[in-house]
Structure formats: structure tokens, C-alpha cells
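Given chain R's structure and the hints, the job is docking chain E onto it.
Protein chains: 2
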Amino acid sequence: MKILFAGAGALGSRFGYMLFKNNEDVTFVDTWEEHVENIKNKGLKVIIDEVDLGNYYIPIYKPEQISGKYDVIFVATKSMQLRPMLDSVKHLFHEDTKIVCILNGLGHVETLKDYVKEENILIGVTVWTSGLGGPGILKAHGTGKIELKQVKEINLDRTLSLVERFNEAGLNIKYSADTYQSIWHKAGLNCVLNSFCTLIDCNINQYGSYDKNLQLTRAVLNEVTAVGRAEGVDVKQEVIENNIKNIFPLDIAGAHYPSLYQDMKNGWLTEIDFLNGAISRLGKIHNIPTPVCDVITLMIHSKEFINNNK
Amino acid sequence: MKILFAGAGALGSRFGYMLFKNNEDVTFVDTWEEHVENIKNKGLKVIIDEVDLGNYYIPIYKPEQISGKYDVIFVATKSMQLRPMLDSVKHLFHEDTKIVCILNGLGHVETLKDYVKEENILIGVTVWTSGLGGPGILKAHGTGKIELKQVKEINLDRTLSLVERFNEAGLNIKYSADTYQSIWHKAGLNCVLNSFCTLIDCNINQYGSYDKNLQLTRAVLNEVTAVGRAEGVDVKQEVIENNIKNIFPLDIAGAHYPSLYQDMKNGWLTEIDFLNGAISRLGKIHNIPTPVCDVITLMIHSKEFINNNK
Chain R
-13 MKILFAGAGA
-3 LGSRFGYMLF
7 KNNEDVTFVD
17 TWEEHVENIK
27 NKGLKVIIDE
37 VDLGNYYIPI
47 YKPEQISGKY
57 DVIFVATKSM
67 QLRPMLDSVK
77 HLFHEDTKIV
87 CILNGLGHVE
97 TLKDYVKEEN
107 ILIGVTVWTS
117 GLGGPGILKA
127 HGTGKIELKQ
137 VKEINLDRTL
147 SLVERFNEAG
157 LNIKYSADTY
167 QSIWHKAGLN
177 CVLNSFCTLI
187 DCNINQYGSY
197 DKNLQLTRAV
207 LNEVTAVGRA
217 EGVDVKQEVI
227 ENNIKNIFPL
237 DIAGAHYPSL
247 YQDMKNGWLT
257 EIDFLNGAIS
267 RLGKIHNIPT
277 PVCDVITLMI
287 HSKEFINNNK
Chain E
-13 MKILFAGAGA
-3 LGSRFGYMLF
7 KNNEDVTFVD
17 TWEEHVENIK
27 NKGLKVIIDE
37 VDLGNYYIPI
47 YKPEQISGKY
57 DVIFVATKSM
67 QLRPMLDSVK
77 HLFHEDTKIV
87 CILNGLGHVE
97 TLKDYVKEEN
107 ILIGVTVWTS
117 GLGGPGILKA
127 HGTGKIELKQ
137 VKEINLDRTL
147 SLVERFNEAG
157 LNIKYSADTY
167 QSIWHKAGLN
177 CVLNSFCTLI
187 DCNINQYGSY
197 DKNLQLTRAV
207 LNEVTAVGRA
217 EGVDVKQEVI
227 ENNIKNIFPL
237 DIAGAHYPSL
247 YQDMKNGWLT
257 EIDFLNGAIS
267 RLGKIHNIPT
277 PVCDVITLMI
287 HSKEFINNNK
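Protein chains in written order, with this note's numbering: chain R, -13 to 296; chain E, -13 to 296.
With the rest of the complex left out, here is chain R (with noise of 0.2 angstroms):
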């Protein structure tokens, strides 16, 4: 079984690695030239609790290079980098090609639907974390797992199968008709964190910390949690609410800057179109009104076209 990373960045290369290490056949696509050579030559440098566990030398093309076809796609990219790597690898699909797809954010499903047949789409969401030390370098902590679910439930067969097998090289997948609950779930808190903290400019703990911070996060989550039932997701406000409350503490995730927050830092494009973004694209869909989440993703915007961000 041919398995392939569009997108071997730091979630890409972490569970790439963890397959390849486990026999499996993977090959990286990736469009980061530097990271690429360093691959190529010296392979990649696996660095997992500060434990230097050695270099792997997988396979790593950039998308123009590469050809054949494979069984599996894992797509780890920027939200925003999803299409335009789909269109680069279309040419790598057959007929039951399964594409999985844990990025963070909302409305992934209508883009990979313009691919493949709605069976064939695996999606997930991770609490996995995973970063890179410079490229050719992956340096991760800890575990995770994830959550996953066949957009269309047909033939389930070889996909519980296939979650088997990546279990046994440690990805800790759990096959959930849930999975869309948990991706709401999982995208509210971002709604919240990601926008505010960048807005207001401060880290989680310092949002928590301001008296108002619920009236600031229910702002958000009702219209995340009116638009996600009208898309006939169960999302459970309150335990969105629970789950942001719960990391304000700062031996917890209360000194983190969210994602959001260092790419706007950074200057590079952020990922509100599929946060607060999502949320008012589907708000419109259903009719619901989202004037919270609009003039955050107009806002967030502005400030990423005034620092000039790329």
C-alpha cells in the first residue's frame, strides 16, 4: 500500500516517520525546497522529546517531480494551502485513492469533494502536536490521537482496516461517527482563542485572566454553535466554553500564543477564512446572521494586508 504526505511539514513528517518506521511503503511531496534537499541527502532528523532518535531517509519529491499512483493521501498543509496541493497531486490519484485530512478549521470537506468521491474522504481531527527544528528537522513532544470518520459511511470495510494498520504504528486513530462534534468542538475554541488573542494581543492565560472573557467567548460560540446545528452537527456549547476555561492556566496551555497569533506575528497569510471565516461563509448558507464573526475575519484580514503578511 503506497501512502503518500501532501505536506510533509511538522504534523506531515511526525506521522510520516511514525509509518516509515513501521514498514510502511510512505513517500513525502513537499514544496519547501530547502526542506526537500535536506530530506533527500541527509534524510530527516527525528527529534521526539528531545531524544535524537536518528535521520529516515524517506522518500521526498516536489509535487511536480513525482508520479505513479497511491492508496492513501494524507493532505498536511495550511488550510489555505489545500487546494492548490490537491491540484498539484491530483495526477498521483486512481479510482479509490483515500484522501485523510486532519487540518484544523472548517469547510475542508467541500474542497476535497471537488477530488474524490465522498467515500473516499477521511476526516479527522488531532490533538497531535508537532513542530520542525529548521527544515530536514523534526522536533515533536509528546502523544495524541486522533479522530476520524468516512464523510459517506459506505464500505467502511477497508477504512477501518486501514485504521488498524496505522495503529499499529502508534497514530492512536479512533473511528467516530462523532468526529464532526469534535472537529465543531475543536474549531469553536480556535474561533475564540486564535481571533481574540491575536486581536487583543496577548497569550491564552492573559484572555482568561480579563473578568468579561465569557461574555467575549459566548460573542463567538453562538453563532459557531447556531451556524454548526443548522449544518446538523450536535455542537455542545458548553463544553466548547469548558474546554477553553480549562487551558487558561499557564502550566496548562495559558502561556501558549494561539496559531493564529505567530502567523500573524510571523507575516505569513492566517487561517481565519476557515475559523470566524467559516463560520460567516455558512452562516450566510443557512440565513443565520454571524456579525461577530465577520468583522473578526474582516479585521483579521485588514491587519494581515497592513503588516503586509504573505
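Honestly, I wouldn't trust all of these hints.
Which copy? The list can't say, so a pair holds if one copy fits it or any two copies do.
Computed list of lysine-lysine pairs in BS3-like fashion (alpha-carbon distance at most 27 angstroms, straight line) [said to hold, decoys possible]: (1) Lys198 x Lys251; (2) Lys198 x Lys296; (3) Lys198 x Lys64; (4) Lys231 x Lys160; (5) Lys28 x Lys55; (6) Lys231 x Lys99; (7) Lys222 x Lys7; (8) Lys172 x Lys99; (9) Lys64 x Lys(-12); (10) Lys76 x Lys270; (11) Lys198 x Lys55; (12) Lys26 x Lys76; (13) Lys103 x Lys296; (14) Lys125 x Lys198; (15) Lys131 x Lys103.
To be clear, the hints were calculated from the coordinates, so they are not data collected in a lab.
As the structure is a computational prediction, the values presented were derived from the model and not from experiment.
Then chain E, alone, in the frame of chain R:
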């Protein structure tokens, strides 16, 4: 006629100087120790349009040191200090003391009503600007004008003769029934530019350079207009939108960071409760939803709190 300036900051000392120089009986009250001492000992140093016009020994006191009765009180504080200032000078009012209030923002009439009869409240709006070059030093540029209205229009004679007398000193006051409209038009502009420039972290020109700035502007102004009309004021949204657009160029006011932005950066509390916060408060009274002003007010307050502004 005894005239008191309750607050002798930038604008207060400018108008006070103009009246004093025109032989009016002017007294200052201020809480800034060094400012009071300098004016007492060396006079108010007046520099207008870069020309040093000399030092003026205008009587100045701290609130607890002053006695007597005054016929006209100009209030010239920050919005948040209006009520504490009125509390500290209310022993200087007689039965028919007039209060002139040309502070930025909304909601001041409600405060003033707790101290004098409505026919003694003169509410207005100004485009005069001014600054301080340190304690005891007035540093101002250009000229301006004032629009003024007596809240309850009975026995207007004295007010109209006051206006005439103040205009002899160059204050350039127009008594106008449309003053409320002008106040709301100015507040509407500030509800947009002061808040967004602070949250996006940009100057007025940069705000205007974002191609969707009109969407942001309207997200706020739709609420301002609806609430203003419920208050009985003929708010013309297209006028505010044009006023905003017209100051985008760098050679108009584009290079300017709005006062709220400056207060935030300087570690001070902001006037948000008298701008977007006032829209939220009045919206509740009229049962008009103001989700955008609500969330902006909360974000600005959280930023003040996290920055430890005072």
C-alpha cells in the same frame, strides 16, 4: 460674570486663555499638581502656531482649594473624569449656573442632568484642537469652531448672549438646533476609527488602505445609526461614511493615530464606554442589538486590563 474651567488641559486652557485675554473673569480648576503649580508660579505659557504669546496668570486651584460661586462652568476633562470632576466642583454652582460640555463621545447629558437643570446644560461639539507641551504649557495650532445647543430650549436669551460674548473672544460658536446630529456624526466617526485603528494597530491612512474598510465601517455605523435614530437624532450614515473616507489621505489626517489608540499605548484607560460602549448601552435601552459594538467594547476593555492601563 465668573467663568470656571473644570479641567484646564489642552482644550480647556486654550479656551480659557482666549476668554482671559478678552478680559473675562476666568478661573481654572485642575487636579494635575505640577500643571497647577507651574501656572500659579509662572503663568500659563501660550504657544500657538509655534509663536510664543507669553505667560498668562490665570487663577488656578485644585478642586478642594476653591470656593465661591460661578456663572458658567466649562467642563474639559476626559469623559471618564466628567462625573468625578462635577462632584468635586458642584459646591461652586448657583441656581442658574450654566454648564458647557463639548467633550467627545456620547452620554454626557445623562451625567450632567444629575447636577443642573436641563435648561442650564449647553451641549456641543468642536473641531478645535489643542495640546500641552508639558505642565503649564499650552501648545496649539490652527483655529476651529464649536456647535452648541441648550438641552431644554427655554429662556434661550442668556445662552444666546453668552454665545455672542464668547465669540468676541474668538471661540467661533454657532448656536444650532442640529448640534445633536453633529455630536452623533463625530461620535460615529470615532466609533469606527478609534476602535478599529486600536484593534488592528494602524493609523487612519492604513485603515483606509484595506480594500474592505467600508464593510468594517458599516458594521459599526449600522448600529450607530439605528441607535441614534431611536434616540431621536437624524443620523445621516452616508455623511459619516464620507467624513471617514475624506480623512484617509496622509495630508489630511491619515498619518494620525486616533486618541483612543494613543491612550491605549500610553497606558491610560480609554473613552470606549462613551463611544462604542455608549452605543451598546443605548442599544439595550431601545432593544436594538449591537453585537459589533458590544464585542469591540469588550475587546478594548480586555486590552486595557491586560496592559494594566490606569
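Now the hints, each set against the structure:
Taking the shortest Cα distances, Lys198 and Lys251 sit within 27 angstroms of each other both inside one copy (26 angstroms) and across copies (22 angstroms). Taking identical chains as interchangeable, the C-alpha atoms of Lys198 and Lys296 lie at most 27 angstroms apart only when they sit on different chains, with a minimum of 18 angstroms there against 34 angstroms within one chain. In the homo-oligomer, the alpha carbons of Lys198 and Lys64 lie at most 27 angstroms apart only across protomers (24 angstroms), although the nearest pairing inside one protomer, at 32 angstroms, exceeds that limit. Taking the shortest Cα distances, Lys231 and Lys160 sit within 27 angstroms of each other inside one copy (25 angstroms), while across copies they are farther apart (54 angstroms).
In this assembly of identical chains, Lys28 and Lys55 lie within 27 angstroms of each other by CA distance solely inside one copy; the values are 26 angstroms within and 87 angstroms between copies. When the C-alpha separation of Lys231 and Lys99 is checked against a cutoff of 27 angstroms, the pair qualifies neither within a copy, at 35 angstroms, nor between copies, at 42 angstroms. Taking the shortest Cα distances, Lys222 and Lys7 never come within 27 angstroms of each other, neither inside one copy (38 angstroms) nor across copies (68 angstroms). For a Cα distance limit of 27 angstroms, the shortest separation of Lys172 from Lys99 inside one copy, 22 angstroms, qualifies, whereas the shortest one across copies, 50 angstroms, does not.
In this assembly of identical chains, the alpha carbons of Lys64 and Lys(-12) lie at most 27 angstroms apart only when taken from the same copy (23 angstroms versus 69 angstroms across copies). Within a single copy, Lys76 and Lys270 get their C-alpha atoms no closer than 31 angstroms, and across copies no closer than 54 angstroms, so neither meets the 27 angstroms cut-off. In this assembly of identical chains, the alpha carbons of Lys198 and Lys55 never lie at most 27 angstroms apart, being 54 angstroms within a copy and 43 angstroms across copies at closest. In the homo-oligomer, the alpha carbons of Lys26 and Lys76 lie at most 27 angstroms apart inside one protomer (23 angstroms), although the nearest pairing across protomers, at 80 angstroms, exceeds that limit.
In this assembly of identical chains, the alpha carbons of Lys103 and Lys296 never lie at most 27 angstroms apart, being 32 angstroms within a copy and 58 angstroms across copies at closest. In this homomeric assembly, Lys125 and Lys198 never come within 27 angstroms of each other (Cα to Cα): the closest approach is 37 angstroms inside a single copy and 39 angstroms across copies. With identical chains, the CA atoms of Lys131 and Lys103 are at most 27 angstroms apart within one copy only, with a shortest distance of 26 angstroms there and 68 angstroms across copies.
In the structure shown, a violation is registered for the earlier hints numbered 6, 7, 10, 11, 13, 14, in ascending order.
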